[in-house]
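J.: Spelled out, the chains give:
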Amino acid sequence: MTDASVEVEHGGAAHVAHFEGDLDIATVPALQREVLAGTDGARIVVLDLSDVGWLDSSGLRLLDDLARTYEARGAAVRVVAPADVPARFTLDISAWRPELVVGRMSDALAG
Amino acid sequence: MLSAVEETAEELYEDAPCGYMSSLPDGTIVKVNRTFLRWTGLERDEVVGRPIASVFSPASRLYFEVHAARQLELEGAVHGLALEVDAQRGSTLPVMIDAAVKRDADGRPRLVRTTFFDATERTAYERELLAARRGEQAARERMALLAEIGLGLDEVRTLPQRAQRLAELLVPAAARAAWVDVGDERTEEPEAMAVSDSTALEPLLSARRRLPAPAAPLFHADVALLPLRVRDRVLGVLGMVGIPEAFAGDTVFLADLAARAATALENARLYDHERSVAHALQHSLLAADLPTDPRLALAPRYRSGVASLEVGGDWYDAFELAPGRIGICVGDVVARGLEAATTMGQLRSALRALAAAELGPAGVLTRLDAFAEQVPRGRMATVAYAELDLGDGGLRFAFAGHPPPLLVAPDGDVSLLEGGRSAPLGAARTTRPEAEVTLAPGTRLLFYTDGLIDRRGRSLERGLTRLLEETGRRRAESASRLADALIEAMLPREPHDDVCVLAVGFGAGTRFDRELGARAEELAPLRDELRAWLTGNAVVGHDRDALVFAASEAVTNAIEHAYRDVAAGLVWVSARMGDDGILLRVTDHGRWRPPGEVEDRGRGLLLLDKLMDDIDVDHEAGTTVTMRKHVTAPTRPRT
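From first to last, the protein sequence lines are chains A and B.
Quick note: the first sequence, position 8, residue 8 per my numbering, numbers continuous.
Quick note: the second sequence, position 312, residue 312 per my numbering, numbers continuous.
A couple of the hints might just be wrong.
[To be verified] Just a few of them, taken from the derived set where beta-carbon distance is under 8 Å, the chain B residues facing chain A:
#1 520
#2 524
#3 549
#4 553
#5 556
#6 607
[Said to hold, decoys possible] The list that follows gives simulated cross-link-like pairs (lysine to aspartate or glutamate, EDC-like), each with its CA atoms no further than 20 Å apart:
#7 B/610 / B/543
#8 B/31 / B/98
#9 B/629 / B/545
#10 B/610 / A/92
#11 B/31 / B/10
#12 B/629 / A/92
Since the hints were derived computationally from the structure, they do not count as laboratory data.
Bear in mind that the values here come from a model prediction, so they are computed numbers and not experimental data.
Every residue, glycine too, gets a C-beta built ideally from N, C-alpha and C.
Construct the complete structure from the given sequences, taking the supplied hints into account.
T.: In structure tokens, the structure reads:
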């Protein structure tokens with residue numbers, strides 16, 4: 001059974017969504033609803049994929065949808081994926097919006 | 001002045017020599033005369049408003065509902081039906097009834113008029129007649145029936161089986177319909193039921209649900225309600241309707257029959273209970289986590305025996321001795337039920353503890369001998385124990401009275417693990433021997449308990465020969481498929497004994513084959529297994545990530561697109577280790593949808609194209625995606 005969860009933290013101006021587990025078609029729909037509910041009204045949203053064990057094209061679709069939603073609202077989006085985590089592999093091979101991807105949380109919060 | 005001496009119509013009705021009663025078509029009593037009330041000692045408001053069937057004693061009520069209610073509905077009248085009315089203070093009153101349906105101008109039933117005649121004398125006469133009829137002939141018939149029921153019940157073991165068998169044995173020899181209710185609750189359907197004439201089924205079922213559980217046997221004409229009593233416990237009720245004349249009214253015989261049936265059912269209940277407790281205990285022990293390692297595939301299987309108390313004594317176990325070293329064990333205790341499960345639990349824990357002391361397989365079993373002496377039923381238990389080094393494939397093993405596990409070499413050669421054999425626990429006089437073999441990556445081992453090869457009436461040796469043959473036919477299968485296929489091939493549909501099988505795959509082998517349901521939750525386990533297989537073949541790093549990603553994407557496509565409109569589809573994933581790399585294939589039998597048809601479909605395929613050296617998509621029947629990737633690592637693991 002695929003297991004995944006997300007926890008949204010409000011710190012200062014930014015809302016940080018920590019994802020955990022596998023992001024695939026089994027988990028993406030529920031995660032998407034949860035993140036959107038937790039980041040309602042956020043000015044800066046950081047999507048932290050450091051603890052994600054798997055990210056595939058369904059996960060990329062989730063990132064697409066979230067980024068589009070936040071940008072339409074005028075909120076800033078960053079995706080955190082350190083160089084050695086599984087999510088980074090997928091982000092790199094798909095060249096997913098490199099301008100939004102950073103390696104460390106501190107870079108994301110620095111804007 | 002005539003009116004002073006002449007009775008009014010009302011008085012005639014009320015004090016007639018018969019009981020009168022009027023009820024609505026649904027059975028609700030709307031009117032009753034004084035005669036009926038005087039006979040029964042009931043008050044008018046105790047009777048009016050009740051269903052008519054409820055004025056009869058329980059057995060009689062059943063008879064009324066089965067015979068009278070149906071006949072009234074079909075023919076509009078019944079005549080001379082002998083029944084029993086429940087009177088005050090637990091007494092009963094034998095009656096004969098006539099009943100007729102009164103219809104309105106349109107022919108719809110409006111009322112049912114029932115007349116009750118006192119039948120005390122008539123019943124006494126009938127009883128005498130019946131007693132006279134009872135001869136030697138009837139007695140012999142009864143004995144034969146009791147013997148047949150006793151033998152028939154012995155052939156099955158569990159409570160549901162015995163209850164059903166009882167009903168079947170009674171019909172039609174002793175009743176047209178018989179059923180068994182277990183417990184106090186009246187469930188929708190009885191625990192067991194047999195009916196020779198299915199038209200009687202519906203009124204019987206509805207009547208049965210409204211009956212109270214009788215404290216003593218209740219009889220009426222061809223109906224009997226018999227509590228199934230063992231000592232001071234009432235297990236349930238045996239109901240019989242349509243008892244043939246030869247037995248009807250022979251309350252002694254029917255009560256005897258019920259007593260025997262109750263004993264047989266009680267034994268079955270105790271048997272069920274002990275089996276379920278033994279199984280619960282065994283399952284709680286077997287549920288422990290098994291070690292995981294990419295170089296190791298463990299496939300434990302457990303099948304419980306169907307109708308035997310030979311349960312609870314089989315076990316398997318696997319645990320980490322040290323990083324990269326695994327202890328593997330299968331054992332079998334010679335005992336039954338709870339006792340077996342308890343002993344098994346103690347031996348299993350003892351073996352784990354001894355193994356942790358690094359004594360080696362022979363040392364562990366030698367010390368286990370001493371322990372087994374102190375455990376009730378520990379003696380004569382059999383154990384196969386092995387220690388596997390995942391680094392170099394070294395396998396040390398010792399078997400105490402246990403049939404030798406099977407080894408399936410990567411090239412498909414099937415053999416028994418040789419050497420390391422000694423007597424069952426508690427029976428060895430000296431230090432136990434052990435033996436050693438080096439496993440090549442791709443080797444599969446099959447540990448099992450003797451239920452797999454020991455079928456009644458067949459020698460152990462023949463069973464072993466057959467196991468070797470059946471394994472030979474499946475030499476290319478992975479450990480888990482081997483375990484499933486062999487259980488399927490070797491065991492009858494309802495195995496008598498419990499069976500444990502623990503299949504072990506070492507170093508993953510050169511072939512990977514999985515069949516999975518087209519469901520999102522199947523993806524994560526598939527990725528784990530493929531990753532483990534690749535690791536076992538020394539495909540690691542970026543190559544491994546790319547291959548796992550490619551397989552997962554292709555399967556996701558099948559789930560999302562090919563099987564989009566299908567509730568249950570299957571997807572097959574295979575991978576082969578070749579000289580020039582890995583061949584990965586994902587097949588579905590769903591509907592092919594061109595990339596343009598579905599939004600965002602392109603990205604998955606685009607990524608695959610980027611990650612693999614070569615991709616071929618074939619959509620003749622369903623879709624087969626074949627991918628190749630050169631890998632940089634050597635194709636033989638040496639982790």
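J.: Indicate, hint by hint, whether the structure satisfies it.
T.: A quick look at each hint next to the structure:
1. With a cut of 8 Å, the hint placing residue 520 of chain B at the interface with chain A holds, because the nearest CB-to-CB distance is about 3 Å.
2. For residue 524 of chain B, the shortest C-beta to C-beta distance to chain A is roughly 4 Å, which falls under 8 Å, so the interface hint holds.
3. About 7 Å separates the beta-carbon of residue 549 of chain B from the nearest beta-carbon of chain A, less than 8 Å, and the hint is met.
4. The interface hint given for residue 553 of chain B holds, since its Cβ lies 6 Å from the closest Cβ of chain A, which is under the 8 Å cut-off.
5. A hinted interface residue such as residue 556 of chain B counts as satisfied when its beta carbon comes closer than 8 Å to some beta carbon of chain A; here the least separation is about 6 Å, so the hint holds.
6. At a threshold of 8 Å, the smallest CB-CB gap from residue 607 of chain B to chain A is about 6 Å, leaving the interface hint in force.
7. Proximity of residue 610 of chain B to residue 543 of chain B is assessed by CA-CA distance (about 12 Å); at most 20 Å being required, the pair is judged to hold.
8. Our distance criterion of 20 Å between C-alpha atoms is met by residue 31 of chain B and residue 98 of chain B, whose separation comes to about 16 Å.
9. Pair hint residue 629 of chain B plus residue 545 of chain B holds up; C-alpha atoms about 12 Å apart against a cutoff of 20 Å.
10. Pair hint residue 610 of chain B plus residue 92 of chain A holds up; C-alpha atoms about 11 Å apart against a cutoff of 20 Å.
11. Simply put, residue 31 of chain B and residue 10 of chain B have alpha-carbon atoms about 12 Å apart, close enough for the 20 Å limit, and the pair holds.
12. With a CA separation close to 19 Å, the supplied pair residue 629 of chain B and residue 92 of chain A stays within the 20 Å bound.
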